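A.B. asks: Spelled out, the chains give:
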Amino acid sequence: MSHLVLAADSGNVLVWVVWFAAAAACVGSGVAVVSFSNPFYSALALIGNLASLAVLYLLLSAEFVAAAQVLVYAGAVMVMFLFVIAYLGGRADAPWAGGPNVNRVAAVAAALAILVETLVAIGLKAGDSLSHAASISGSFGSPAEIGRLFLTDHLLAFEITSVVLLIAAVGGVVLGAQARRLQAEEAEEALDPIARVPAEPVREESPVEVPAAR
Amino acid sequence: MKGPDVTWYLGVAAFMFATGALGVLIRRSPLIVLLSLELMLNACNLALIAFSRLHGDGAGQIFALSVMAVAASEVVVGLGLIVAMARRHLTLDVDKLTSLRG
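From first to last, the protein sequence lines are chains A and B.
The working numbering applies: residue 38 is where the first sequence begins, and numbers increase by one.
The working numbering applies: residue 585 is where the second sequence begins, and numbers increase by one.
Relax, there's no trap hidden among the hints.
Derived list of chain B stretches under chain A, where covered just means 3 residues or more per stretch with a C-beta under 8 Å from a C-beta of chain A: (1) 607 to 618; (2) 671 to 682.
From chain A, some residues computed to sit far from chain B (all C-beta separations above 10 Å): (3) 136; (4) 139; (5) 175; (6) 225; (7) 226; (8) 227; (9) 228.
Stretch-level coverage of chain A by chain B, calculated; a stretch enters the list once three of its residues show a Cβ under 8 Å from a Cβ in chain B: (10) 52 to 65; (11) 85 to 95; (12) 105 to 115; (13) 118 to 125; (14) 144 to 151; (15) 176 to 183; (16) 186 to 193.
Calculated from the structure, these hints are not laboratory results.
Just so it is clear, the structure is predicted and the values come from calculations on it, not from any experiment.
Don't be surprised by glycine CBs; every beta carbon is placed ideally from N, CA and C.
All chains, please: the whole structure from these sequences, using the hints.
C.D. replies: If you want it as structure tokens, here you go:
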């Protein structure tokens, strides 16, 4: 009997250790995202944040969401981010550059207010209703269960999500095509010196300005 | 439920959300503002999944997956806008982008 209790306790301690490591990584990398001056490092810190969040999801027995998080977020979305940052070059701005001004102080106060409010709201409920987690079956959070929910109870959300993704893809193509057309026009103007306007007015103005200078 | 209560997960989510909000408010590079926005969305996802576990209801996980899809769409459009701004040789500083004219 005591053997069984010991085994249960050691399992509990293991979960606590994993939780603590993942939560510390989450919080640390979250602070790193905000405080790195180079966007490239911020994006890398966000990848670490997403990976440690996936561990927390696993502890909450949300297996499918954890897998989707790693594949979709830490994989696809962050690769897109890194490509754009590499394309634009690392234009760094230090978060503390320019010293404290009214906006900065107000921003820090607002963020602290959000933190305190949410922590107080959680703390008020901490003892009773938040500590009795429902008992769940083994299939909770599995791909089969998520798929069943998506195709039965939440079909509308599923369809709306697909429309949103389609619209985002079209929007990305439209924005990219417009930017490319603009760049092509600029390149054309640069190649064609006759089409440039400022050549003549400069010649007209110069005789007027020279006597004035004397 | 083995390990920490849902309360602890919600505390982590609250801290992450506040960090992301701070980043959105004080950073000026639009890329880092987008990254901080992702941080806030993920904090909400963590809270949703924690509540889903608390009530033993899968709807929270469905909601989290929808939030993920919306976040991916937002990143596509946001990065498209940032690249378009860079190609127009505008400064990538959210404090200096005050005009909506094209």
